[in-house]
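Undergrad: Next come the chains, spelled out residue by residue.
Number of protein chains: 2
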Amino acid sequence: MTSSHVSREALQRFIQTAFLSQGLPDADAAQVARLMTEADLQGSDGHGVIRLPQYVKRIQSGGININPQIRVVQERAAMAVIDGDNGMGHLVVSRAVDLAIEKARTAGVAWVSTRFSNHAGPASLYARRPLEHDMLGLYFAVGNANHLPPWGGMDMLLSTNPISAGIPTDQEPPVVLDMATTVAAYGKVKAKAKRGEQMPEGWMIDREGKPLLDPKRANEGFLLPIGEHKGYGLALIVGLLAGTLGGAAMGRDVIDFNADHKTVTNTGQAILVIDLSAFGDPQDFKQSVDKLVRDLRGSERLPGVDRIWLPGEQSHEKRQRYNTAGIPVSDGVMTELNTLAAELGITPLNEMATA
Amino acid sequence: MTSSHVSREALQRFIQTAFLSQGLPDADAAQVARLMTEADLQGSDGHGVIRLPQYVKRIQSGGININPQIRVVQERAAMAVIDGDNGMGHLVVSRAVDLAIEKARTAGVAWVSTRFSNHAGPASLYARRPLEHDMLGLYFAVGNANHLPPWGGMDMLLSTNPISAGIPTDQEPPVVLDMATTVAAYGKVKAKAKRGEQMPEGWMIDREGKPLLDPKRANEGFLLPIGEHKGYGLALIVGLLAGTLGGAAMGRDVIDFNADHKTVTNTGQAILVIDLSAFGDPQDFKQSVDKLVRDLRGSERLPGVDRIWLPGEQSHEKRQRYNTAGIPVSDGVMTELNTLAAELGITPLNEMATA
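Sequences listed follow chains A and B, in order. Position 54 of the first sequence, counted from 1, bears residue number 54 in full-length UniProt numbering, the numbering being contiguous throughout. Position 202 of the second sequence, counted from 1, bears residue number 202 in full-length UniProt numbering, the numbering being contiguous throughout.
No wet-lab data here; the hints were simulated from the structure. Please read all numbers here as calculations on a predicted model, not as lab measurements.
Identical copies carry no separate label here, and so any pair may be met within one copy or between two of them.
For lysine-lysine, the following BS3-like pairs were computed, each having C-alpha atoms within a straight-line distance of at most 30 Å:
(1) Lys188 <-> Lys210
(2) Lys262 <-> Lys194
(3) Lys210 <-> Lys192
Use the sequences and the hints to build the structure in full.
TA: Here it is as structure tokens:
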């Protein structure tokens, strides 16, 4: 599949213009565009501009509040619950992270939950935000469609509920984990189907419990959790922490936002921020992490393995490469974005400055 | 393998007497004995009385401080770091959990890290403690021996670093997750070897990257993380949170406490406690969890599956059963405990009241 490269600025401007055309306030359109572009810039291309048509469709269907009153509804020294008033998830979670950082500065540690939020892009965008403050972030989210049954079951009551962690370093790239609690995220299944490829065994099973390899038959089966019952347990706990605790949807209440563009999703996320300076000298911590990173990277490899990667290192490299060389946008996505641009009456992305 | 059943009281008294014979203060011996017995009572038999000979050996080798000054060395409204002064891990972590509960009562959320702690038994013992206060617990620990290389590597720089979560319910058994970030905990490998059984594929690989099935050859290979690179990432993050953050050992600094009975382990653990009442009415939360538990348990099953279990439900059932029927102690373990009793000059467990 061929692709073209667009500059970060062009992509961001395109997204921003699209949201402005839908009535989002200037600052909100800019912020969502910046975060979605950051997603593509770090290679999280299942969560960046590819989602724009879906977001626009949801706004047009009345499924997003473009003028939300995002507000704190519960608060103590080290926690808060934010009601997103069904605004764009990126705005709601950004508020949550900012508030958690502020609270962690005095309390040392802070947890902020969201309710009535929406899909907010890749988890790591938010887990990474505390890093520049010498803080670390742990992020939990309820996925926006249930594709995972409990272990042994076939009723899809759980989502791919991701966990993300951002850990500050000194000289090394930050350690950033961003993982679904299923073996494969559902977006990867969809990508296999688009490319006409088979899935490896272990991604999905069918209703007989047998391996499902054809991604075009994905709706006849379910995703598998990592580590069998363990991943099921993790998905459940993440959902309880990110959803139930803050009063957001979990289990049967989760809306499939790929199929339903209108119903309020009541999406929940949660961010935990830890201020390193409460534990000692942040520099000591960051240097210890550097040392560990180098020990792991430099350690003995299995036959045939070229390199040992740290979590977040590949995204870090992509961010640097795409910043200079431009962000790749596949022809398929570009066609969809051109169709969208025509519908919205805005300049198409491929007519904006390309890198 | 046959086993006998001992009452909870007999087991606890036996452990307590053993520790008293080693000079542990009365209250400390009682507390460690109570927690170790709780481990066996919930079926965590790799972390209960089976560890007693090893603990005693470590005390006798000078590897444990029997009169520790456990103290808070860093503190803010929602966090603390506790220096365990190389005392028994059960005592250090108990202090950490108590302090986190106290702080969460006002701050809403609290995180307490330990350093210079030791092996403390099953993670779920501590994640469950906040439940009776209508709080939830998340617990992270650095394992006490490195059996896991980074993904693609063969240098065992990581441990099975467990995650545990305790979530309150109303009528249902609490949801309690307690999982190693490896497919199998190392104790399960040792149990297979003892029983002369082969391991299933997926537990371990050898230095060629090929499946290792013979548990007697375990020292020629490594454990595999759950979900391949994902479990590696999780083990790393758990280690950074439980070890590095609080100034405890991680990576190359971790002591293999099965082989080395003397060197200070500087074990680290971390507990996060969240007070439900900060988020709303705890009863609402607990009823939501009940509903979710029932939805999951009652959902459609794959062919051949008898029952869908919730995390912690099997331990809950064991706790109830063993409370009445007694705790099973295998003949092999009983023999080891009898040898220990003879060495220490205390009444053997099998001569105490059996259930």
